[in-house]
Amino acid sequence: MSKKSPILKFELKDLKDLFETSFTLADHTATEWSFDFGAGASVKHVSLIGTGFGTDGTGPLTGTVTGIALTLADGTVKSYADLSLPAVAVSKGLHLLDDHSGKDLKGGDGRDDLKGGSGDDHLHGGRGSDHLHGGGGHDDLDGGTGDDTLDGGLGNDDLAGGAGNDSLDGGGGQDTAHFDDSAKAVTVDLAKGRATGDGTDTLKNIENVAGSHHGDRLIGNAGHNELHGGDGNDVEIGGKGDDALHGDAGNDVLNGGDGKDSLAGGAGNDLLNGGGGNDTFVFAHASGDGIDRIVDFRHGQDTIELDHAGFTALGAAGPLDADAFFLGAAAHDAGDRILYDAKTGALSYDADGTGDAAAVQFAILKPHLKLTADDFHIV
Numbered sequence: 001m002s003k004k005s006p007i008l009k010f011e012l013k014d015l016k017d018l019f020e021t022s023f024t025l026a027d028h029t030a031t032e033w034s035f036d037f038g039a040g041a042s043v044k045h046v047s048l049i050g051t052g053f054g055t056d057g058t059g060p061l062t063g064t065v066t067g068i069a070l071t072l073a074d075g076t077v078k079s080y081a082d083l084s085l086p087a088v089a090v091s092k093g094l095h096l097l098d099d100h101s102g103k104d105l106k107g108g109d110g111r112d113d114l115k116g117g118s119g120d121d122h123l124h125g126g127r128g129s130d131h132l133h134g135g136g137g138h139d140d141l142d143g144g145t146g147d148d149t150l151d152g153g154l155g156n157d158d159l160a161g162g163a164g165n166d167s168l169d170g171g172g173g174q175d176t177a178h179f180d181d182s183a184k185a186v187t188v189d190l191a192k193g194r195a196t197g198d199g200t201d202t203l204k205n206i207e208n209v210a211g212s213h214h215g216d217r218l219i220g221n222a223g224h225n226e227l228h229g230g231d232g233n234d235v236e237i238g239g240k241g242d243d244a245l246h247g248d249a250g251n252d253v254l255n256g257g258d259g260k261d262s263l264a265g266g267a268g269n270d271l272l273n274g275g276g277g278n279d280t281f282v283f284a285h286a287s288g289d290g291i292d293r294i295v296d297f298r299h300g301q302d303t304i305e306l307d308h309a310g311f312t313a314l315g316a317a318g319p320l321d322a323d324a325f326f327l328g329a330a331a332h333d334a335g336d337r338i339l340y341d342a343k344t345g346a347l348s349y350d351a352d353g354t355g356d357a358a359a360v361q362f363a364i365l366k367p368h369l370k371l372t373a374d375d376f377h378i379v
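Residue 254 in the UniProt record's numbering is what sits at position 254 of the sequence shown, and the numbering runs on without skipping anything.
These aren't lab readings, by the way, just hints derived from the structure by calculation. Do not rely on the hints blindly, as some may be mistaken.
[Said to hold, decoys possible] Straight line, CA to CA, 25 Å or less: simulated DSS-like cross-link-like pairs of lysine-lysine:
{"id": "1", "residue 1": "Lys204", "residue 2": "Lys184"}
{"id": "2", "residue 1": "Lys106", "residue 2": "Lys192"}
{"id": "3", "residue 1": "Lys260", "residue 2": "Lys370"}
{"id": "4", "residue 1": "Lys343", "residue 2": "Lys370"}
{"id": "5", "residue 1": "Lys192", "residue 2": "Lys204"}
{"id": "6", "residue 1": "Lys240", "residue 2": "Lys260"}
{"id": "7", "residue 1": "Lys240", "residue 2": "Lys192"}
{"id": "8", "residue 1": "Lys240", "residue 2": "Lys106"}
{"id": "9", "residue 1": "Lys260", "residue 2": "Lys366"}
{"id": "10", "residue 1": "Lys192", "residue 2": "Lys260"}
{"id": "11", "residue 1": "Lys204", "residue 2": "Lys240"}
{"id": "12", "residue 1": "Lys343", "residue 2": "Lys366"}
[Claimed, not checked] Cβ-Cβ distance ranges computed for the label pairs, FRET-style:
{"id": "13", "residue 1": "Thr200", "residue 2": "Thr312", "range": "45 to 51 Å"}
{"id": "14", "residue 1": "Ala342", "residue 2": "Ser287", "range": "23 to 29 Å"}
{"id": "15", "residue 1": "Lys184", "residue 2": "Lys366", "range": "33 to 39 Å"}
{"id": "16", "residue 1": "Pro367", "residue 2": "Ala222", "range": "31 to 37 Å"}
{"id": "17", "residue 1": "Lys184", "residue 2": "Ala373", "range": "44 to 50 Å"}
{"id": "18", "residue 1": "Gly276", "residue 2": "His308", "range": "14 to 20 Å"}
{"id": "19", "residue 1": "Thr200", "residue 2": "Ala357", "range": "50 to 56 Å"}
{"id": "20", "residue 1": "Asp356", "residue 2": "His308", "range": "20 to 26 Å"}
{"id": "21", "residue 1": "Ser287", "residue 2": "Lys370", "range": "44 to 50 Å"}
{"id": "22", "residue 1": "Thr200", "residue 2": "Ser287", "range": "38 to 44 Å"}
{"id": "23", "residue 1": "Leu154", "residue 2": "Ala357", "range": "50 to 56 Å"}
{"id": "24", "residue 1": "Thr354", "residue 2": "Gly276", "range": "16 to 22 Å"}
{"id": "25", "residue 1": "Asn165", "residue 2": "Ala330", "range": "56 to 62 Å"}
{"id": "26", "residue 1": "Pro367", "residue 2": "Gln301", "range": "14 to 20 Å"}
Glycine included, every Cβ here is placed at the ideal spot set by N, Cα and C.
Produce the entire structure from the sequences given, and follow the hints as far as they go.
In structure tokens form, the structure reads like this:
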């Protein structure tokens with residue numbers, strides 16, 4: 001194939017690896033294939049001998065390999081016949097290097113070494129203890145099963161070690177460790193660089209965490225962290241930076257710690273503690289599917305942020321109109337939208353004021369706060 005299009009380079013440490021077990025070359029958009037056997041045995045040319053070869057340039061190479069001819073740099077030709085291997089099955093212990101942007105590289109059952117390029121790559125280790133290197137770009141690295149080593153490189157990367165005891169290094173950028181597929185609840189401590197639960201992972205240069213579908217405990221560090229609990233009743237602790245905590249589904253406990261933090265409980269009855277700094281408490285809607293308790297709201301310092309998409313009667317983005325806020329248990333005119341009952345601390349949304357629609361409570365604060373419209377912001 002002579003077309004100079006995206007090139008996938010396959011590097012094997014040992015010639016015998018060609019014929020041990022298998023490695024699936026699937027979902028690659030390469031129209032030129034090259035095999036590099038390292039500095040000790042430079043290969044000038046590789047020929048695959050067999051039947052039924054075919055590729056459309058965007059899919060896998062198909063057919064049956066019956067022989068391989070290797071032309072070394074010194075002109076020596078080494079031939080291997082009667083292999084009877086599928087063309088898509090080449091090697092265990094394969095090193096894949098993506099020299100073009102935006103590739104999807106998949107390892108097999110062995111110890112694979114997958115290297116992305118400057119684009120946004122998707123690297124999947126599969127089974128075995130694999131090494132995944134993202135390179136530049138916003139990469140998605142999934143170790144699969146086994147004790148894997150993931151290196152995001154430059155860019156904002158997503159790293160998932162999978163089952164096993166994995167090592168995750170985000171490298172440069174804002175990187176996220178994912179535990180979405182964990183079979184168990186996880187405890188992730190970015191300050192200690194450690195995650196336990198479904199195996200024991202070491203974490204380095206990780207800024208953000210996406211938890212599992214279970215009740216997780218996520219702890220930030222001194223940097224700016226974004227923590228997502230996912231499903232389950234989670235505990236999230238922000239640390240010293242300006243953090244964004246998302247409880248998502250479940251009855252979650254969110255503690256911002258120091259810094260100017262953003263806390264969004266999500267669905268469920270959540271407990272929100274901003275901690276030190278001027279914090280923002282985020283509400284997407286008032287649907288009656290949960291009431292969040294804000295334990296430390298400070299008038300004039302903290303902010304309650306309301307999403308216009310869910311609070312449609314509040315008007316345009318910006319500060320809450322003074323006439324839309326009312327201090328009382330129920331609306332007193334048609335323009336009242338946000339109600340604060342100073343006796344109970346209940347915070348409610350009324351879409352039509354004194355109209356027929358009932359107010360919906362979405363939060364509870366401490367009673368007797370000196371709350372005003374200035375404490376609210378619409379986005």
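Going through the hints against the structure:
1. Restraint check for lysine 204 and lysine 184: the C-alpha separation of about 22 Å stays at or below 25 Å, so the hint holds.
2. The suggested pairing of lysine 106 with lysine 192 is violated, with an alpha-carbon distance near 31 Å, which exceeds 25 Å.
3. In summary, the hint linking lysine 260 to lysine 370 is supported, as the alpha carbons are separated by about 21 Å, within the 25 Å threshold.
4. Among the hinted pairs, lysine 343 with lysine 370 is consistent with the structure: their alpha-carbon atoms are about 12 Å apart, no more than 25 Å.
5. For the suggested pair lysine 192 and lysine 204, the alpha carbons sit about 9 Å apart, so the restraint of at most 25 Å is met.
6. A threshold of 25 Å between alpha carbons decides the hint, and for lysine 240 with lysine 260 the separation of about 9 Å falls inside it, so the pair holds.
7. Restraint check for lysine 240 and lysine 192: satisfied, since their Cα atoms lie roughly 14 Å apart, inside the 25 Å limit.
8. For the proposed pair lysine 240 and lysine 106, the alpha carbon gap of about 38 Å is over 25 Å, so the pair is violated.
9. Simply put, lysine 260 and lysine 366 have alpha-carbon atoms about 21 Å apart, close enough for the 25 Å limit, and the pair holds.
10. With a C-alpha separation of about 22 Å, the suggested pair lysine 192 and lysine 260 falls inside the 25 Å cut-off, and the hint holds.
11. Of the pairs offered as hints, the one joining lysine 204 and lysine 240 holds, with about 18 Å between alpha carbons and a cut-off of 25 Å not exceeded.
12. Distance check on the hinted pair: lysine 343 and lysine 366 sit about 9 Å apart at the alpha-carbon level, within 25 Å; holds.
13. Threonine 200 and threonine 312 have their C-beta atoms about 47 Å apart, which keeps the hinted 45 to 51 Å range intact.
14. Distance hint for alanine 342 and serine 287: a CB-CB separation of about 24 Å, consistent with the stated range 23 to 29 Å.
15. Distance hint check for lysine 184 and lysine 366: the Cβ-Cβ separation is about 36 Å, which falls inside the suggested range of 33 to 39 Å.
16. Range check, proline 367 to alanine 222: Cβ separation about 35 Å, and the 31 to 37 Å hint holds.
17. The hinted window of 44 to 50 Å between lysine 184 and alanine 373 holds, with their beta carbons roughly 46 Å apart.
18. In this structure, glycine 276 and histidine 308 break the distance hint of 14 to 20 Å, their C-beta atoms being roughly 29 Å apart.
19. For the pair threonine 200 and alanine 357, the beta carbons lie near 52 Å from each other, so the given range of 50 to 56 Å is met.
20. About 22 Å separates the C-beta atoms of aspartate 356 and histidine 308, a value consistent with the hinted range of 20 to 26 Å.
21. At about 28 Å, the CB distance of serine 287 to lysine 370 disagrees with the hint of 44 to 50 Å.
22. One distance hint, 38 to 44 Å for the beta-carbon pair threonine 200 and serine 287, holds here, with the actual separation near 39 Å.
23. The hinted window of 50 to 56 Å between leucine 154 and alanine 357 holds, with their beta carbons roughly 52 Å apart.
24. Between threonine 354 and glycine 276 the beta carbon distance is about 40 Å. The supplied range of 16 to 22 Å is therefore violated.
25. For the pair asparagine 165 and alanine 330, the beta carbons lie near 57 Å from each other, so the given range of 56 to 62 Å is met.
26. Range check, proline 367 to glutamine 301: Cβ separation about 18 Å, and the 14 to 20 Å hint holds.
Comparing the model with each earlier hint shows violations of hints 2, 8, 18, 21, 24; every other hint is respected.
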